[in-house]
Amino acid sequence: MMESINHPFSALFEQLGLDASHDGIEQFIKSHQLPADLELVDAPFWSKAQASFLKEGWQADSDWAEVIDQLNISLR
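For the sequence shown, this note's numbering begins at 1 and goes up steadily by one.
Label pairs and their calculated CB-CB ranges:
| id | residue 1 | residue 2 | range |
| --- | --- | --- | --- |
| 1 | Ala60 | Asp23 | 27 to 35 Å |
| 2 | Ala60 | Lys30 | 25 to 33 Å |
| 3 | Gln27 | Asp61 | 27 to 35 Å |
| 4 | Asp63 | Leu18 | 15 to 23 Å |
| 5 | Leu34 | Gln59 | 13 to 21 Å |
Hints were generated in silico from the structure; no laboratory data involved.
Here a beta-carbon is modelled for each residue, glycine too, at the ideal position from N, C-alpha and C.
Using the sequences and the hints, build the whole thing.
In structure tokens, the structure reads:
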């Protein structure tokens, strides 16, 4: 049985090349709210690499999926 890894929210921000400090995360979420009908990976503020990472992490149900889901919920 594979052991799943739980990444902290800040690690996702680091992986995306974003400010992973508490204030940086809070500011990003406040300034990047998404409408309900827009998929997280289709948001215009992601670079191509960021969008690919999020899409692959979600679709592959990788160890990043849970924290990507948390980001998706936070941006609504």
